[in-house]
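> Those sequence lines, one after another, are chains A and B. The opening position of the first sequence corresponds to residue 0 in numbering that gives the first Met the number 0, with each subsequent residue numbered one higher. The opening position of the second sequence corresponds to residue 0 in numbering that gives the first Met the number 0, with each subsequent residue numbered one higher.
Source of the hints: derived by calculation from the structure; they are not laboratory data. Don't take each hint at face value.
Here are the simulated DMTMM-like cross-link-like pairs (lysine to aspartate or glutamate), alpha carbons at most 20 Å apart as the crow flies [what the hints assert, rightly or not]:
id, chain 1, residue 1, chain 2, residue 2
1, A, K93, B, D154
2, B, K133, B, D75
3, B, K172, B, D88
4, A, K93, B, E120
5, B, K74, B, E90
6, B, K74, B, D35
7, A, K93, A, D246
8, B, K172, B, E150
9, B, K64, A, D246
10, B, K133, A, E34
11, B, K133, A, E20
12, A, K93, B, D66
13, B, K217, B, E90
14, B, K180, B, D199
15, B, K180, B, D154
16, A, K93, B, D88
17, B, K180, B, D88
18, A, K93, B, D199
19, B, K180, B, E40
20, B, K172, B, D159
21, B, K180, B, D159
22, B, K74, B, E150
23, B, K217, B, D35
24, A, K93, B, D75
25, A, K110, A, E34
26, A, K110, B, E90
27, B, K209, B, D9
28, B, K64, B, D9
29, B, K172, B, E90
30, B, K74, B, E40
Partial list, computed: chain A residues near chain B (C-beta under 7 Å) [as the list claims (entries may be wrong)]:
id, residue
31, D4
32, I88
33, Q91
34, I92
35, L140
36, I197
Sample of chain B residues at the chain A side, in silico, Cβ under 8 Å [what the hints assert, rightly or not]:
id, residue
37, S15
38, I62
39, S63
40, K64
Here the structure is a predicted model, which means the values were calculated and not measured. All C-beta atoms, glycine included, are put in the ideal place defined by N, C-alpha and C.
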Amino acid sequence: MRAADFLLLTLFKVRANLRSELSRDYLNYLWWIVEPILFMGVYYLVFGILLKQGTHNFVPFLLIGLTSLQWFSNALIHSSTSIFNAQGIMRQIKINKIFFPLVTVLQDTVKNLIVFSLLLLFCVIYGLPVTLNWLALPILLAVQLIIVSGCCIMFSGIVPFFPDLRFVLNSGLFLLMCLSGVFFDVDTTFIPRHSIIIYMNPMAGLLKNYRLVLLHGQPPEWGYLLIVGFGGLLLLGLAAWLVNRLDHLYLRAIQ
Amino acid sequence: MKSPIISLRDVGFSYSIRKGLFHSTTYTALRAVSFDIHRGETIGLIGRNGCGKSTLLRLLAQISKPDQGSITFAKDITATLLTLQAGFDQELPGRDNVILSGMLLGMPYRVIRSRLDRIIEFAESGPFIDEPLKSYSDGMRARLGFALALELAPDVFLVDEVLGVGDAAFQRKARNAMRNKLTSDQTVVYVSHDLQSVVDLCNSVVWIDKGETRMIGKAGEVVEAYLKATCAQTPAPPDSPQAETPEAPLTERVKDHLSPREVGVVVSHGQGLPQTIRTLESLTRLPALRDMRALVVACHGPEQDAQAICKWAEANWIGGAGLLHAAAQRDEVCHSLSSEKCRCLVLNLGPGLTEVQTRNAVARILLQISGLSWVWFLSSGVIVVPGTPFALLQHMLARPMAVIGSSIGDADHPGRLKCAGGYALSRRNLNLEPLCAGLTREEAAKQSFHHLEGVYWGCMALPTELIQTNGFFDEELSRGYAALDYCTRAAQAGYALEWCRSALVMADSTPVAALRDAPEIGLERLLLEDLRSAMVYTGRHHPELRPWLVARRALCGSAMWALRGKWRLAKGCLEVLAQQLRPR
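All chains should be modelled from the sequences, with the hints used to inform the complete structure.
Below is the structure:
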């Protein structure tokens, strides 16, 4: 299959999956808006109203972190078993196995973009400064997409050989949530020496950059983004290579 | 000589099945397969079930890679496995499914779009194409998949028995279209158990035996050698009655060619030729029947009717048809069924027989061919009336069996039959909990096919509430069951005869009512035989059901005799019933 046909097939499948998902629920498209509003509403209620926790602007601080990390964890959870569960179709047709995690990642990306748009709307309503630095957001999103894709393809490529990894995924993601600075500011919580270690987790750095842009109206740390983006591309390349290399073994591993 | 476009040399493939942390078993599907495929030729792959044909197709489609040996493809050669409904999504409209499935099978988006109208037209899905696939019947879905598959044009087409799709008319169309494709310049690897179609379609045939290439050559020669070898090598099981008789190899030959679930038996109702043909047309739409290797039609009309049925079968059922008469003996039936040319065997038992007598005669003939593990009796009334020749059915196959009763209407709702099987299974084990705990219809259907006794027991055992609340049966059938339960309660309360009589009046137009028209002598004999065999059978296999079953049988008997005014016989049955109901 030519690369262009593969890409077209992937995009068509993403669209088909989203349509299929929508047709199962009565509220249809509305869920894509209602669900994140509910999600954000719960956190706003708990942290912003009931606990009155945190620092100044804690609610947008929290929502920016949650939105970004939720994309990562949703995509990883959904794609982790994408190859593992595709046994039926893999037995029938010859297809590059990257197709399965890639479709899931793109599907979650579309949904996340809607959530992200709502987040931007919330920031405006909340009174956060809308500056020219918001133009850097697409770059931030692109870097995150590269990292998400790399992690998802890599993980989905390993799970068929070690299916038990599925069971530790949730715990791992919870740990990631705790260590990425969703609930706290890494710079003020840790001493600088430890902060460097935390920022080796690209998600922690990305959260910080999202907050720089949205919360403080500042430009992102371009140097950091360059390193993370480059590292993400390496990871993506490595994952793609690995899945291609193991392509003919998946069917055997999962049957 | 032209160089091959695909060349296989000592190809081997094994599956590893993981059974625990450090434990796995290996199953070798292919050991040493070697042959060449040249451009434009149609190669047939034959061999017994499990010999590795499908695995080989997957290797040719490059879905898997061989463990040993090599498969060499000429430059830019693509081989595609013809897969119906690959990647179909129930929630999406038919149109999107066609595009998606086509792209998955390797067709560029633009090509599918340009051929979409043709596909829709061939599949006869026009009005429904923008409806979600979940609203399609099984047949419509299969037709759409088949129509798409016809548009594929890979360098090498890998076909694994896909001709039995849709209703009779569509099957004809599909068969012709596929034949055109297979006999064109297209390079094809064709796998089928229908040896006649292999001979018709293929230039050469590769016979795979236990994962190895056994023979390669011209289609006719290889198929003949294959048939000879399979007849000669199959040993009769030591405990089989056929082992003691000289005809055993012939019976085994039937057994070898007709795997379980491949034989259907249709008993015509004696309602005339048009009705029988209508029944057959309905039945051939049943998905389960589409896959059948052979269909036995028993009729008891004039000779010309039997010949007309033969002609219909030849025209509508893939393969030929044969006609046998009442005097047909085991050899003849075996010969006809084992012939690859014959897919439909019409047994004409002569005019003047009742349905029950016809069924008995067929049962007697089939009793001798105990290699057949599934026999479907597809006619109304089989499942409920006490006149069902249980003894014959039970001993006919010398193993558990399913007897599925259906009216013509049920042919459009095969799910009902399957569900009945699943329900029956739960009921047979006297444990309704798993069923209520959420067996879906599909799961129930699967269960019924794995546990062969299903429907017979089920229909005898289903409590009225279950039938009524789940609505799996026709209303009139439910009324029949309701009447029988009413009878049970009446008998238990001691009102016996009069109540039974009114209960049967209630059940008018149900299969129970059919009893009234049956000849008395046959009924009496069958009832006694049935009672006796039920007692023997349940005593041996299901002692916990015996009292209950006998009670139900006795009850039916008493009701029947009461209706006929044979009070003495009815009373006799009620005494049997009373014995069973008496607290122990």
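> Failing hints, ascending?
2, 3, 4, 5, 10, 13, 17, 18, 22, 29, 35, 36
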